[in-house]
Amino acid sequence: MKSLEKNVDLGLFLLRLTLGVLMLFHGVSKLIYGPAFIGQIVDGAGLPHFITYGVYIGEVIAPLFILFGFATRAAALVFSFNMLVATLLVHSAQVFTLDPTTGGWTLELQGLYFLGALVLALTGGGKYALSKKYLWD
Numbered sequence: 001m002k003s004l005e006k007n008v009d010l011g012l013f014l015l016r017l018t019l020g021v022l023m024l025f026h027g028v029s030k031l032i033y034g035p036a037f038i039g040q041i042v043d044g045a046g047l048p049h050f051i052t053y054g055v056y057i058g059e060v061i062a063p064l065f066i067l068f069g070f071a072t073r074a075a076a077l078v079f080s081f082n083m084l085v086a087t088l089l090v091h092s093a094q095v096f097t098l099d100p101t102t103g104g105w106t107l108e109l110q111g112l113y114f115l116g117a118l119v120l121a122l123t124g125g126g127k128y129a130l131s132k133k134y135l136w137d
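In this text, residue positions in the sequence shown follow the working numbering: the first is 1, and each later residue adds one.
One or more of the hints may lead you astray.
To be verified - Simulated restraints on C-beta separations:
| hint | residue 1 | residue 2 | range |
| --- | --- | --- | --- |
| 1 | G54 | I32 | 10 to 20 Å |
| 2 | F50 | T123 | 16 to 26 Å |
| 3 | L64 | L84 | 11 to 21 Å |
| 4 | L10 | G46 | 40 to 50 Å |
| 5 | G44 | K127 | 36 to 46 Å |
I should point out that these hints are in silico values taken from the structure, not numbers from a laboratory. Everything numeric in this text was worked out from a predicted model, so none of it was measured. We put the CB at the ideal spot given by N, CA and C, even for glycine.
Construct all of the structure, not just a fragment, from the sequences and the given hints.
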């Protein structure tokens with residue numbers, strides 16, 4: 001059946017749409033309410049406070065680039081780095097834990113964000129992306 005044939009580009013588009021939109025909810029929340037929570041965590045870890053504002057790059061700018069398929073590979077690397085830092089700063093104690101109520105990995109959402117972004121960093125945005133001419137797309 002022709003409609004069930006493999007369509008990698010549609011799959012990449014759906015992955016871009018999913019990662020971009022879902023992470024934008026987090027970013028828009030930071031735009032509305034500010035990054036004070038992140039600032040407390042960054043300060044508590046002894047890191048320079050300006051790092052707090054990287055959340056806007058990782059949760060607003062990179063997801064928008066991914067969503068529209070502009071510099072997808074570079075944006076996906078930024079996105080995955082953002083997830084790695086967020087996981088290490090906020091969830092490091094949960095890396096090897098399972099949720100007792102569901103049996104799933106406690107950090108499965110963070111894992112899906114991180115690995116989904118790595119997939120896009122390796123593949124690029126596909127033919128439904130705005131930019132397809134450059135190495136980082």
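Pairwise beta carbon distance, L64 to L84, judged against the given window 11 to 21 Å: holds, 20 Å
Outcome of range test on Cβ distance (G44, K127; 36 to 46 Å): Taking Cβ atoms as reference, G44 and K127 lie about 44 Å apart, which means the hint holds.
Distance restraint hint 10 to 20 Å, applied to the beta-carbon atoms of G54 and I32: Holds - the Cβ-Cβ distance for G54 and I32, about 18 Å, lies within 10 to 20 Å.
CB-CB spacing for G46 and L10 relative to the 40 to 50 Å hint: Holds, at about 45 Å.
Status of the given 16 to 26 Å range, CB of T123 versus CB of F50: violated, 32 Å
Checked against the numbered hints given earlier, this structure breaks only hint 2.
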